[in-house]
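Following numbering that gives the first Met the number 0, the numbering of the sequence shown begins with 0 at its first residue and continues without gaps.
Check the hints yourself; a few may be wrong.
Distance ranges between label pairs, derived from CB positions [to be verified]:
| id | residue 1 | residue 2 | range |
| --- | --- | --- | --- |
| 1 | L76 | T96 | 22 to 28 Å |
| 2 | N44 | E71 | 42 to 48 Å |
| 3 | K54 | P167 | 16 to 22 Å |
Quick list of in silico lysine to aspartate or glutamate cross-link-like pairs, EDC-like style, CA-CA up to 16 Å [stated by the list, open to error]:
| id | residue 1 | residue 2 |
| --- | --- | --- |
| 4 | K54 | D7 |
| 5 | K119 | E105 |
| 6 | K186 | D164 |
| 7 | K143 | E133 |
| 8 | K103 | E71 |
| 9 | K61 | E100 |
| 10 | K98 | E112 |
| 11 | K119 | D72 |
Simulated from the structure, these hints should not be mistaken for laboratory data. Ideal Cβ positions, reconstructed from N, Cα and C, are used throughout, including at glycine.
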Amino acid sequence: MRSITTFDLQYAHRFYGFKGEAQYLHGHTGTLTIEVEDSVNMGVNMVFPCNEIQKTAWNILKNFDHALILREDDPLLPAILGVYEQQGIRNGAPQNTMKGEAFKTELATAYPECRVVVTKETMTVEGMIKIVYELLKDKLNIAKITFTSGVNAATCDFTVNRTQDRCPLCGIALTTEGVCPKCGYRKK
Numbered sequence: 000m001r002s003i004t005t006f007d008l009q010y011a012h013r014f015y016g017f018k019g020e021a022q023y024l025h026g027h028t029g030t031l032t033i034e035v036e037d038s039v040n041m042g043v044n045m046v047f048p049c050n051e052i053q054k055t056a057w058n059i060l061k062n063f064d065h066a067l068i069l070r071e072d073d074p075l076l077p078a079i080l081g082v083y084e085q086q087g088i089r090n091g092a093p094q095n096t097m098k099g100e101a102f103k104t105e106l107a108t109a110y111p112e113c114r115v116v117v118t119k120e121t122m123t124v125e126g127m128i129k130i131v132y133e134l135l136k137d138k139l140n141i142a143k144i145t146f147t148s149g150v151n152a153a154t155c156d157f158t159v160n161r162t163q164d165r166c167p168l169c170g171i172a173l174t175t176e177g178v179c180p181k182c183g184y185r186k187k
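Please take these sequences and the hints and turn them into a complete structure.
And the structure:
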């Protein structure tokens, strides 16, 4: 069975090196849907609490919300970082309260202090799915991710090869020590 949750992301990007309208810097509202699969957890009668999926994923995904996403070879990147430096906001500002957990993978690097994500490939809906899966695959049993942005959409199914030990009282994943980080339950 699956628990499903969605996220709305506001972001700006461009397709550097492409011809047509997408080569210009522009913004989107994207909807990311994550489906988590496992057995139904007896006691709480759910696969995984959707609010816990949101908390786990949002720590990473908020890096993409109200952010600029550029490819690493885009000449706009150093120019924008230079302007941020001149304005004194490259290393953050008190108003920047949406800072997510910084990350660096083979596909993308987040700079939460300046609300920029740098990608290896052009940021498409397919690219977003690849990045999100890479970032969350060890935290959630992801069976499917769908990302819709404007008239563009993509979806990808993933094979779930494991189950997670979850708390019988609140349904969230236990730590490697068998303790629930939410309610303190200890696996016997």
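Now for the hints, and whether the structure bears them out:
Distance hint check: the CB atoms of L76 and T96 are about 24 Å apart, consistent with the given range 22 to 28 Å. Look at N44 against E71: about 45 Å separates their beta carbons, and that is inside 42 to 48 Å. The given range of 16 to 22 Å is respected by K54 and P167, whose C-beta atoms sit roughly 19 Å from each other. A distance of roughly 14 Å separates the Cα atoms of K54 and D7; the hinted pair therefore holds under the 16 Å criterion.
Distance check on the hinted pair: K119 and E105 sit about 8 Å apart at the alpha-carbon level, within 16 Å; holds. Of the pairs offered as hints, the one joining K186 and D164 holds, with about 9 Å between alpha carbons and a cut-off of 16 Å not exceeded. Between the alpha carbons of K143 and E133 the distance comes to roughly 13 Å, so the proposed pair stays at or under 16 Å and holds. For the given pair, K103 sits about 13 Å from E71 by alpha-carbon distance, which is consistent with the 16 Å threshold.
Distance restraint check for K61 and E100: the Cα-Cα separation of roughly 8 Å lies within the 16 Å cut-off, and the hinted pair is therefore satisfied. As the CA atoms of K98 and E112 are separated by approximately 6 Å, the hinted pair is consistent with the 16 Å bound. Distance restraint check for K119 and D72: the Cα-Cα separation of roughly 8 Å lies within the 16 Å cut-off, and the hinted pair is therefore satisfied.
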